[in-house]
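Trainee: Chains as they are written, first to last, in full-length UniProt numbering: chain S, 1 to 326; chain U, 1 to 261; chain R, 1 to 118.
Heads up, some of the hints might be wrong.
[Unchecked claim] Cβ pair distances, simulated, as ranges: (1) Ala140(U) with Pro11(R): 53 to 59 Å; (2) Arg117(R) with Phe195(U): 47 to 53 Å; (3) Glu309(S) with Ala78(U): 53 to 59 Å; (4) Ser46(R) with Leu48(U): 54 to 60 Å; (5) Ser10(R) with His244(U): 15 to 21 Å.
[Said to hold, decoys possible] List time: in silico EDC-like cross-link candidates among lysine to aspartate or glutamate, alpha-carbon distance up to 20 Å: (6) Lys51(U) with Glu88(S); (7) Lys50(U) with Asp237(S); (8) Lys94(S) with Glu57(S); (9) Lys159(U) with Asp6(R); (10) Lys130(S) with Asp49(U); (11) Lys78(R) with Glu88(S); (12) Lys74(U) with Asp6(R); (13) Lys47(U) with Asp85(S); (14) Lys230(U) with Asp12(U); (15) Lys50(U) with Glu57(S); (16) Lys159(U) with Asp170(U); (17) Lys51(U) with Glu89(U); (18) Lys50(U) with Glu161(S); (19) Lys319(S) with Glu307(S).
Note that these hints are calculated values from the structure, not bench results.
Ideal placement from N, C-alpha and C gives every residue a C-beta, glycine not left out.
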Amino acid sequence: MVPSLLHPPSQLSPAAALQLSQQAPAVLQSSPSTVSASPLSALFRTSETPDLWAKYENLLLSCLRTGDEVAARQCLERLVARFGDDNERVMAFKGLLKEADAQHNGDLDRVLKEYDQILKDNNTNIPITKRRIALLRSMGRVPEAASALVQLLQFSPTDAEAWSELADVYFSQGLYPQAVYALEEALILAPNAWNIHAHLGEMQYMAATATGAAGGSYNKYMAEALKRFTRSIEICDDYLRGYYGLKLVTSRVLKDAVKPTKQADEDEFTLPDTTTVEQLNELATAKLSEIVRHYTAQDLGWRGYDELEVAAARELLSKDGSAIER
Amino acid sequence: MAQIPVQTIHRDPQLFYWILFPITAVMILTGILRHYATILMATAPKKLDKKTMREQRSLLHGISVRGSFHVLSKKSFATRRDALTTAYESGAYLKDPERRGQAPPNPMSDPSSMEGMMGMMKNQMAMIIPNTLIMSWINAFFSGYVIMKLPFPLTIKFKSMLQAGVATKDMDPRWMSSISWYFLCFFGLQSVFNFLLGNDNAASQMAQQMNQMGPPGGAQMFGPGVDPDKQFLAEAENLAVIEHYSVLDGVEQRLLDSIVV
Amino acid sequence: MPTERDFQISPVVQDSVVHNSRTLINLQSLTASLFGVGAGILGLESYYGFLFYIICSVLTTLLFYVVRVAPTSIPSGKAAFDTSRYYRSPYEFWTGGLLNGLAGFILTWTLFYGLVRA
Chain S
1 MVPSLLHPPS QLSPAAALQL SQQAPAVLQS SPSTVSASPL SALFRTSETP DLWAKYENLL
61 LSCLRTGDEV AARQCLERLV ARFGDDNERV MAFKGLLKEA DAQHNGDLDR VLKEYDQILK
121 DNNTNIPITK RRIALLRSMG RVPEAASALV QLLQFSPTDA EAWSELADVY FSQGLYPQAV
181 YALEEALILA PNAWNIHAHL GEMQYMAATA TGAAGGSYNK YMAEALKRFT RSIEICDDYL
241 RGYYGLKLVT SRVLKDAVKP TKQADEDEFT LPDTTTVEQL NELATAKLSE IVRHYTAQDL
301 GWRGYDELEV AAARELLSKD GSAIER
Chain U
1 MAQIPVQTIH RDPQLFYWIL FPITAVMILT GILRHYATIL MATAPKKLDK KTMREQRSLL
61 HGISVRGSFH VLSKKSFATR RDALTTAYES GAYLKDPERR GQAPPNPMSD PSSMEGMMGM
121 MKNQMAMIIP NTLIMSWINA FFSGYVIMKL PFPLTIKFKS MLQAGVATKD MDPRWMSSIS
181 WYFLCFFGLQ SVFNFLLGND NAASQMAQQM NQMGPPGGAQ MFGPGVDPDK QFLAEAENLA
241 VIEHYSVLDG VEQRLLDSIV V
Chain R
1 MPTERDFQIS PVVQDSVVHN SRTLINLQSL TASLFGVGAG ILGLESYYGF LFYIICSVLT
61 TLLFYVVRVA PTSIPSGKAA FDTSRYYRSP YEFWTGGLLN GLAGFILTWT LFYGLVRA
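Bound-form chain S, shown alone (with noise of 0.2 Å):
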């Protein structure tokens, strides 16, 4: 994917960062600095779009992300000129600008503070309650963060991000069961999001692998897992690291030959016999090796995937190759 400015840049590569943020200078130059609110000089001018907005907002997070504060501080103030001072948004922003700029745990303790002064004044103001929460956690003060987060799903419980940020957070404690449960949420508000799927599996694979084929649940998650990887790939038939987690979550169910065993509880899934797993592992390696291959060779269309996973599966193919040959 080529990076763009409409995108929120949170995913990309330090590298593409780097090049969003030096189209700094020229963004800032071609638009208008003041886009003036009142109607009559709107009619004259060229008009504003969400677009712009949305272009500003993420120029000022790729620049603060390559340290290019200037830059940064110009966004925010025509965002500011924009929509004013107390728009809930542009306040999460002018606090994030203060987390960069802040130099030592004092300074950032202080932000800290001036958020709780802000909520104490305006309890649902969701932007800057994230932020209080991602400053929390990027101090170190895990179980705060994970106990605001709650309080925030209490009264917003149809916050995807919230809850995926919840099941992050868990899934760092080692929980394995509370971060399934929170991703679980974000993919009810999203059905159809293939790599909130994927995402599940890996959860999975990393509880059972965490308990331990002795442990009880451990042929739960795995099949769990499977199904999960195999979804992503239903919705999204070119998705890497669907096709990763399946080879991972199939090889592994071989090696450890677990029994798909009639299970007493009726309401989880079982793992499919072992024909359909090998059957699945054969695709996935197929379908893995097609994509590195494409991908080394920067065929037309298959350049969009990240290096670094790329990467991972060829590494993931190799081991697996000279498995098979020793």
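We have chain S already, so just place chains U and R on it with the hints.
Mentor: For chains U and R alone, kept in the frame of chain S given last:
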């Protein structure tokens, strides 16, 4: 059969410059004006306090669980369903639990619900006022003329509509007066507005009427006069009757069937 | 007829559906007005005018199919004139334009007929 002689009426070409074009231009300009007026009159969504937000979003949460139960395993769906139905039935998410069971407040006396009504009223007004003004303007200035001939024949019933203000008995109903040109513009300018203002314009009356006739959307769901407790109970019932299945059932076989390497 | 479950398994993104049909409606309402101009200048009357409109708008839809839909839908394994890759129902695709553009057509037809034949 004897051919009926075609009626010809000699009209001053000045009629076009002084009637047809003014009406058309005014119609287009009012459309554009209405578009910008609705944008300017749109009020920012009202700030909700924490309790109201919790009430509304909990209900939405239940609805999305009901809508995408198929991504969950049976067990995780069952836990969620049990938790949600108990909370709904006990009224845990209600804004003020002690008011439970009482009749909802009269929407007219509740100031917060008045604002929603005002929004609707404003939109209505933006539609009705210009139309009434233009109609009376046309009636006052341009009535009594015949300005154009329709290119297709019509039955005699249309005569009174098309030739309002022209009291001539024998005239072919194809001749039309200025007020009928107004109606043609009213219905036909949609494409012009699409072209000028983009798709989501508020200029065309047709689209707005469609919206009003359509099913009540999200705005009505939390509108005034709706008892949230009843909504919660209904939602609990909806959740309870779901017969669960998962898209993950048999997904492996579907994948093997559909993807060929 | 696909059931609800089929839609859950292979979801249809509502935004894309709306975008597709909106593109088509835009084209149709714009061209309908232009056909009105044409019919008015040609001085067509009664049935000939409507016939002209029907033929022209079907032709537009056909061109739309050939230029925009066919290049991607035929290689993906759909039969010719099958629009199900991008549109819900074939009726919406082939005949929806007739009604969408009719008001605009009559408006410009009348206007230009009046201007030319006055």
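Trainee: Within 20 Å, alpha carbon to alpha carbon, are Lys51(U) and Glu89(U)?
Mentor: holds (17 Å)
Trainee: Quick one, are Lys78(R) and Glu88(S) close enough, alpha carbons at most 20 Å?
Mentor: violated (49 Å)
Trainee: Does 15 to 21 Å hold as the CB distance between Ser10(R) and His244(U), or does it fail?
Mentor: holds (20 Å)
Trainee: Between Lys50(U) and Glu161(S), is the straight-line Cα distance small enough, at 20 Å or below?
Mentor: Distance of about 19 Å is within 20 Å: holds.
Trainee: Check the hint pairing Lys51(U) with Glu88(S) against an upper bound of 20 Å on the C-alpha distance.
Mentor: Answer holds: Lys51(U) to Glu88(S) is near 19 Å, not above 20 Å.
Trainee: Ser46(R) and Leu48(U), beta-carbon distance inside 54 to 60 Å?
Mentor: holds (59 Å)
Trainee: Is the hinted pair Lys50(U) and Glu57(S) satisfied, with a Cα-Cα distance of at most 20 Å?
Mentor: At roughly 27 Å apart (the allowed maximum being 20 Å), Glu57(S) and Lys50(U) break the hint.
Trainee: Looking only at beta-carbon atoms, does the pair Arg117(R), Phe195(U) fall within the given range of 47 to 53 Å?
Mentor: At 26 Å between Cβs, range violated.
Trainee: Holds or violated: Lys50(U) and Asp237(S), Cα atoms, limit 20 Å.
Mentor: Violated. Lys50(U) to Asp237(S) sits at ~42 Å, over the 20 Å cutoff.
Trainee: Hey, Lys159(U) versus Asp6(R), does the alpha-carbon distance stay inside 20 Å?
Mentor: violated (53 Å)
Trainee: Starting from Lys319(S), check that the Cα of Glu307(S) is at most 20 Å away, please.
Mentor: Given pair Lys319(S), Glu307(S) holds - Cα atoms ~18 Å apart, limit 20 Å.
Trainee: For a C-alpha distance cap of 20 Å, please report whether Lys159(U) and Asp170(U) respect it.
Mentor: Judged against 20 Å, a Cα distance of about 10 Å means the pair holds.
The structure does not agree with the numbered hints 2, 3, 7, 9, 11, 14 and 15 stated previously, though it agrees with the rest.
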